[in-house]
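Protein chains in written order, with our numbering: chain S, 1 to 327; chain C, 1001 to 1306.
Source of the hints: derived by calculation from the structure; they are not laboratory data.
It cannot be assumed that every hint is accurate.
Sample of chain S residues at the chain C side, in silico, Cβ under 8 Å [what the hints assert, rightly or not]: (1) Gln37; (2) Leu44; (3) Asp75; (4) Ile137; (5) Thr169; (6) Ala177; (7) Val307; (8) Val309; (9) Phe312.
Glycine included, each C-beta is placed from N, C-alpha and C at the ideal position.
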Amino acid sequence: MTTASLPAAAAATTPERRRRGSQGPVNSSPPVTRRAQTRLGLILVAPVIVMTVVFFVFPLANALYYSVVDFDGIDPNPQFVGLANFQEMFLDPEVWHALGNNLIWIIIGTAAPLVIGLLVSVLLWTTRAGTSPYRVIFFLPYVLPGVAIGIVWGWIYDPVSGWLNQALTVVGLGDLARGWLGDPNLALYAVLATAVWASTGFVIVILLSALRNVDIELVDAARIDGANPAQRLWYVILPQIMPVFLMVLTLTLVGGFSVFDIIFIMTGGGPAGATNTIGTYAYSQAFELSRIGYGTTLALLITVLSVPVAVFLNRLQRRLSLDGSGA
Amino acid sequence: MANTTLGSATKRRTDTRPAATDERTDLARMRRLRKPKPQVGRHVLLAVLALFTLFPVLLVISTTLKTPEDVRVNPFGFFSTISPQNIIDAWTVGRFSDYLLNSILLTVPSTILVVVFSTMAGYTFARLPFRGRTPLFYLVVLGLLVPFFTYMIPLYFQLRSMGLLDTLLGAVLLLTSGGLSFGTFFMRAFFSDLPVELEQAARVDGASELQIFLRVMLPLARSGMGALTVFTFLGNWNNFLIPLLYLPGGDFRPLTSGLYMFTGGRSLDIGPLAAGTLITILPIIVLFIVLQRQVTQGFLSGAVKG
């Protein structure tokens, strides 16, 4: 959850960069100051650089190495296999199946929280009083650990005495009752519903803060001109919060590539691999089958797929922001 | 908040406002007078949504409070009996007391390290220019773009050869390094927004660069450090993969992976499992409710910045 949110936050960095060139306090400083700044700067930055090199750059470089060897985790001199891992990846039907699941996850897992989040945030925004408890409640699932969420939703989906089946029986839809997480055709969607429950609150709170900057007079003017609520939302409100909307889109979308926790906890990729995504498949290859080289290659695929998307969406968002719509 | 993009946007708005204020408040008042209808429907809808959101949490609490017999007969129905037995079982037999202690031992030091290191580096990247600084910054921020997955497997073998696998120190260092990219990025943005004049005035008064950092700039960054602390604490407390992968022995297992391991093999122990879940989420819920402003602000500014 949190890890998933980080990449996009990072992706959203760039505008700062360009401001820097023009206004840096540097140029005017005398050499003495500059030397002192360099000295202090190097000292202050050292811990972060050391940590980054040891626990990020080094393993990342190793990942590239692992992807071209056949490493079982024990052999100190694994055999070089060239691009065989990549070749196997493209020919492995389970990879394509897992990628398909990632795609479903990305589409529904992005669209549903955004749509629900937009509707609820507008509902909160247009409600005059007493909305702050709701904001707290809606955000709460987002700070809960995935393990706890997975366990409780597992109970809700329980085939025998789970709340979902009991509720279906009560409203006369008892025929639909089933073991939600045990059904290969439904398990992925059941887990997705849980993820939507867990992440929508985040969308609500972010969009709500963006809505505070929306010009109410424009909305009123549209109302007077006869625009219905849907038209007001689509043509008046949404364009004004577009940059923030795109930012949330980036966050959830990029998170969709590297989804792991919730699936791993709720189904472990099962039943029979039905809910595997690239993340859980890479994990099981590496840590359950000791196919370290292949597992690492699969994990690299996640990066290769997600980074360009993050960069593209970030560019788009920046362009919109520069058009001056408030965010 | 004033440091975030959102915040400054809000400020900009309010700043430009006064000129037109009279008309606007009049308009607003007229609107309110024209449509005084109570928004009952909305509140009902919101209450239903809130109940749906809270339902799983209520389910955990309810199941925890039941007697073990009640859980066996009707595992997920709402509680009709009250007993501390499940909590006692989870705490002792389920080893959740150990897990809680380990969660604290992992989360507190790593959070402190993240905040201290990120503040130092963030200040440098915002205020202390030197040759080669920009590539270093990109290197640090690259950690935000690359998913942890990509290097989690090699990291396992690296830790093993460093002798840090299955040690508290190793896991704390990983949790720390995992938070540094975001923390540095966040604190840099915070320091960048502080006025240059303060720093220049202190320099004219003869303050050393270190004094400027410690005495002038650091006190101003307190709210940013606070938000980063809460944000990092939550992230590290909830972290599942790092303890799962790098603390396999179980001696230092925290709540998250402890809870996961507890589900494996004895899924029938619903009562203690519920109690364990409650022990895991209770600190988070309390922290969230007490500091909810900082939490949401932290997430917001983290996400929106830039």
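Check your understanding: Can we keep the Val309 of chain S interface hint, with Cβ of chain C closer than 8 Å?
Key -> 11 Å, violated
Practice item. With chain C as the partner, please determine if Thr169 of chain S meets the hint condition of a C-beta pair closer than 8 Å. Key: 14 Å, violated
Check your understanding: Does Ile137 of chain S pass the interface hint, meaning its C-beta sits closer than 8 Å to a C-beta of chain C?
Key -> Holds - the Cβ of Ile137 of chain S comes within 8 Å of chain C, reaching about 5 Å at its closest.
Exercise for review: For the hint on Val307 of chain S, just tell me whether its beta-carbon gets within less than 8 Å of chain C.
Suggested key: 5 Å, holds
Review point. Does the CB of Asp75 of chain S sit less than 8 Å away from some CB of chain C?
Key: 11 Å, violated
Review point. Does Phe312 of chain S pass the interface check with chain C, least Cβ-Cβ distance below 8 Å?
Key: 12 Å, violated
Point to revise | Interface hint status, Ala177 of chain S versus chain C (Cβ within 8 Å) | key: 14 Å, violated
Point to revise | Hinted contact Gln37 of chain S with chain C - closest CB pair below 8 Å | key: 4 Å, holds
Practice item. Could you check if Leu44 of chain S really has its C-beta closer than 8 Å to a C-beta on chain C? Key: With Cβ-Cβ at 4 Å, under 8 Å, it holds.
Comparing the model with each earlier hint shows violations of hints 3, 5, 6, 8, 9; every other hint is respected.
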